[in-house]
Amino acid sequence: MIRIIARKEFTEIVRDGRFMWTAALMVLLLLTAMLAGWQRHSSYMATQAAAQGATNTQWLKQGDKNPHTAAHYGNYAFKPLGPLAFFDNGVTNYTGTTVFMEAHKQNFAIASPAADTSAIGRFGELNGAMILQVLMPLLVIFLGFTAFAGERESGTIRQVMSMGISRLSLLWGKALGLGSAVLMVVLPCVIIGAVFIAMTDLPMVGEGLATRIALLTVAYLAYAGIFLFLTLAVSAWSRSPRTALMVLVGFWAFTAFIMPKTAAEISKAVYPSPPYGSFMADMKAHRARGFDGTPPWAELGKFQGQMMREYRVSDVKDLPFYWTAVRMQRLEELDQRVFDQHFGAVTAAYAGQRRFQDRLGLLAPTLPLRSISMGLAGTDLIQQQKFQDDAESFREAMVEKMNGYLSRAAVSLNGVSSASNYLVANEDVFAIVPPFRYQPPALATTLAEHWMNFAVLAFWLVAAILLALLGVKGMALERD
Amino acid sequence: MLEAIDLRKSYGDHAALEGLNLKVKAGDIYCLLGANGAGKTTTINLFLNFIEPTSGTAMVNGIDVTQSPLETKRYLAYIPEQVMLYGNLTGIENLEYFARLGGHAEYSAADYQSFLDRVGLQANAAHLRVRTYSKGMRQKVGVAIALAKQAKALLLDEPTSGLDPKASNEFSALLLQLRNDGAAILMATHDLFRAKETGNRIGIMKSGRLVQELSTDEVSHADVERIYLEHMH
Amino acid sequence: MYRLIAMHETRALARTWALWAILALLVFAIAFAAWSGGRSVSRQLKGAGDAASYEVGLRDRMRQETAEYEAKVKATGGPYEFATVRHAPGQGPPQGTNAGAVGAETAAYIALPPTGLAALSIGQSDIQLDYLPITMGKSLAMTANAELENPVNLLAGSFDVAFVVIFLLPIFILAMTYDLLSSERERGTLAMVLAHPVSLRKLMASKLMARAAIILLVVTGLGLVAVLAVGNYLETPETWLRFALWIIVTLVYSMFWFALAVLVNIYGQSSSTNGTILAGAWLILVVIIPTLISLVATTIYPVPSRMDLTVAAREAQTAAEKNMDKSLNAFYAEHLEYVPAGDQRAMDFMTLGQASANTIEKALSPLYAEFQARRGQQQGLVQRSQYLSPAVMMQLALNEISGTSSERYEDFLQQAAKFRTEWNDYFAERFLRQDPLRPADYDSFPAFRYQPEPFSVVLKRLAPSLSGLLILLLGVALVPLPGIRRYQVAAR
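Residue numbers (our numbering), protein chains in the order written: chain A, 1 to 480; chain B, 1001 to 1233; chain C, 2001 to 2492.
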């Protein structure tokens, strides 16, 4: 019975002019978006690899110099992206791609692509994820809003019901028919996307690619299901097809356009983060004043006394290590506490904002889906944070290695007070700092962070099905 | 008052109306009979200029409707099968709006109430929203609009179909009143009994042609039915 | 007659829940947008203020030290000297006498002031830094240019009044007009009305007027409230000129959507078909075409990656360093505090450091120029393609009116580049001459004064978008005129 209804629905939808137009537009846009996304991703990865390779070589070939000077010269970290970024570019356009890692200073990731594109970029990026998140629900609505309301208006629903069909089988039949029509449009594009990935020779950043694709598919299917059952529910409740259309399009605009912005604005007020100018001013002032009120020079004085007591010497030149290097490393550690506090506050504010927005997913299913999609594609805030953390760890290790080498290798210079108190190191010394490698967060980490979003999405799906069931149960057969 | 001269309307190859000649004078109730698709509604739509004739002329009060569509509508009132009103407005608000559209801004609230009283709408219904009205009540408001507009010609498109016998009877009585006031009434209907009772002339249409005209005082109920069925075969 | 029908429409609309829902949403949306726009502008101002006052504080302290030093010199009768190295507090000339230290260790923050209407259209100002740190020896290409903001929020974009006008207002307008004629035909009232001496054109015009009057009164009224609540410089006529322009483009843009609804209604389809077509039109004009234009612009004129720029800058830096007197110099150039007191070579290190910065900037400038050129080409393509979508025209127009356009920012960058040269030259010259700074000199440091663009420039840049919107409106509004004759009042 359900299959008969589904087949009739499917035939009817596919023969409708609406289907032709919307399906053609969807397929065209999806293919364009995926091709352009692929092109963008390949060129990004090529640039990234070349830049990382070049700066790694530059680090080694910077010329013979003092190891601490080499730490000042520093290195750059360029963020690589996983292959799924071509489908969902996530926050990539709005995050820095580059971190300068140098002595004495922790830096923000800079060079975000969005800062260099025109304001029109703010209309959004046409990528696969955007089309499935924004256009697919509209396709479902366009094809399905007449499902019950239209049949009621034309009176056919009474004919159908007089045949002794249960309302439940009518619902499942319609859902199946509508679902197949939508899948017919979306599935080929998904397969083409998978072929892209399978054929690529780009480096695979991140693990569990197959699981990621499978989970992405599940999440998007659930999202489509939410809209499918909501559409059927509203169509059953509404007095006329046009009311159904208005309500559904209104909900679509609410969840796809209004809520993401609203959630962002409210989260900014709930978890405020400082603007650049205030951040820099506060951090510099805090650094000058000392982490807990003791200025760095006083801390260094204390440290000097402590070292001299520990090694029982009366002059720093008698210390068994190169004092200047150890002193610089100590300063590095003092500053690190300030950096950790200030950068940590910003990180915490961002994470708070992100979680707050995810929680608003209870009002709009697009929010949790967006998070899941970015998370699985490896283009969300969590991996950006991991990239910056990796870069910071690298920076700390790099400075520590250079200062440490200097402290051991230059002991003999301790007593020299002329301008020639420097030590020159070469490429072999610089090579003790291994090249920067970004380790993307493991799939398990991503899932642990996103399980709530999966739960919210599941909640929506169940709620939508229940609404549809209630809708057909209480559906009037007469037009009024 | 209403006159059709060689009125033709075709949609592509299909002729909906083929050379209709018809005259309805003041004081006439002319009933158009015929099967679905015979051209009755087309005729009424042509008088209303809702559709353009392929050839021929429809005249209201001696004026060609295609030449002066707005002028001719001053004399017309239209009561379709379902008198459709604004559901969110009350009966009296609907009446006022349509009367003013018809160019009559002179009425007072009491006048509107008296129009509704004259057509026999329950006194308390005038201030209820039309959404709550039964079909019979809406048809009454339709007649009140015609009264307020002081229409010289009424175009009625199956106005009594679906009304219960009592409401139908009341409606016919209203038509007779309007006729006595000097209106020309053209009514498309399937109700042979009503046509004989209320109308003074009957026209039978088939496939876009007026095949026979009768005067009701010359025939019996049985005759009307026999003649009608003969044409339908 | 127009008045009668319009009044009737208003009364009938006032009795539907849809109108009140739409108006309530509109009021809420604009109030929320004004609130968040206002927050965004004050956040920028706070950032600019904090940064500037911190740096001014640094210079004030340096000035204080030089003043104390000057007093001491006067008392002891010694020479007023230039600090070649960093001395311990109270010993020798303070850092503040060294122009190189003042110019390079403190930044002059220069700010692009918001216009009166900045809160209404945030544009790119949540990404681009509206206040730039200018220091001696650091090229603008390598200066921080990004505001600090959560990328998740940047991705979502601002909920500003421009968003409400561009995205939501059309939805509200279409929700009120998608069934302008079709609903009356479906309910049967159209035939009832047209049986009276009323032409279809008059009926439609009056129905439209009623709706347009309601929506536009509310929008302009709320716009005015928004400006009064979160606008700046309310006492200057320029703000109100900008507001007048804001009203004009908003009216033209809204009328376009009204006209589009009429155009679709003229074809006599059912209300649901009209609704589908109009929702589709909204999607294509407001979402798809803008994102497609953006996609095409970034594909045809990809801006060279800043990653490449970084590598090139580093290349130049390495080359410049290798020209320096080897690594010792590099070390001391960065750590003057370790230069033993009295070592005259310290000056050379700083001079070399300055020379190296110049070399890097020179090496970088062709790359940066290409970078800017590509951005210009991309911007040009967007400017030319804006006519494809009223939403793009509207966004560009509102950014221009609110002073958040790319062009205004470019102009600011040029002023910044000019000021950077001025700042650099002032300090470099004093520094290389070893001319000690005196406390009084602190008043004669170059000061940045933003040169506002003449209003005619704003108008000139606004012209393409505004005239494009007008032409589009006329086109869409005139098309229905002949079609209205063929409108099927009655079913066949």
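Don't read these hints as lab results, they were simulated from the structure. Among the clues, some could well be false.
[Unchecked claim] When the alpha-carbon atoms are kept at most 30 Å apart in a straight line, the in silico DSS-like pairs for lysine-lysine are as follows: (1) C:K2202 with A:K105; (2) A:K284 with A:K302; (3) C:K2322 with C:K2362; (4) B:K1135 with B:K1166; (5) A:K105 with A:K61; (6) C:K2046 with A:K105; (7) A:K401 with C:K2202; (8) B:K1152 with B:K1166; (9) B:K1025 with B:K1206; (10) C:K2362 with A:K61; (11) C:K2362 with A:K105; (12) A:K61 with C:K2138; (13) B:K1152 with C:K2362; (14) A:K105 with C:K2418; (15) C:K2418 with A:K284; (16) C:K2202 with A:K284.
Please verify whether K61 of chain A and K2138 of chain C have alpha carbons no more than 30 Å apart. Distance ~24 Å between K61 of chain A and K2138 of chain C Cα, so the pair holds.
Is the hinted pair K2418 of chain C and K284 of chain A satisfied, with a Cα-Cα distance of at most 30 Å? holds, 27 Å
Restraint status (C-alpha distance of K1135 of chain B to K1166 of chain B at most 30 Å): holds, 12 Å
Restraint status (C-alpha distance of K2322 of chain C to K2362 of chain C at most 30 Å): holds, 16 Å
K1152 of chain B paired with K1166 of chain B [C-alpha distance capped at 30 Å]: With a Cα-Cα distance of about 27 Å, the restraint between K1152 of chain B and K1166 of chain B holds, given a limit of 30 Å.
Would the pair K105 of chain A and K61 of chain A pass a check requiring their Cα atoms to be no farther apart than 30 Å? With Cα atoms ~22 Å apart, K105 of chain A and K61 of chain A stay inside 30 Å; holds.
Check the hint pairing K105 of chain A with K2418 of chain C against an upper bound of 30 Å on the C-alpha distance. Answer holds: K105 of chain A to K2418 of chain C is near 28 Å, not above 30 Å.
Pair hint K2362 of chain C and K105 of chain A, alpha-carbon separation not exceeding 30 Å: Holds, at about 26 Å.
Holds or violated: K1152 of chain B and K2362 of chain C, Cα atoms, limit 30 Å. Given pair K1152 of chain B, K2362 of chain C is violated - Cα atoms ~93 Å apart, limit 30 Å.
Would the pair K2202 of chain C and K284 of chain A pass a check requiring their Cα atoms to be no farther apart than 30 Å? violated, 69 Å
Does K2362 of chain C pair with K61 of chain A here, judged by a C-alpha cut-off of 30 Å? holds, 22 Å
Does K105 of chain A lie within 30 Å of K2202 of chain C when you go C-alpha to C-alpha? violated, 72 Å
Violated hints for the displayed structure, listed by number in ascending order: 1, 7, 13, 16.
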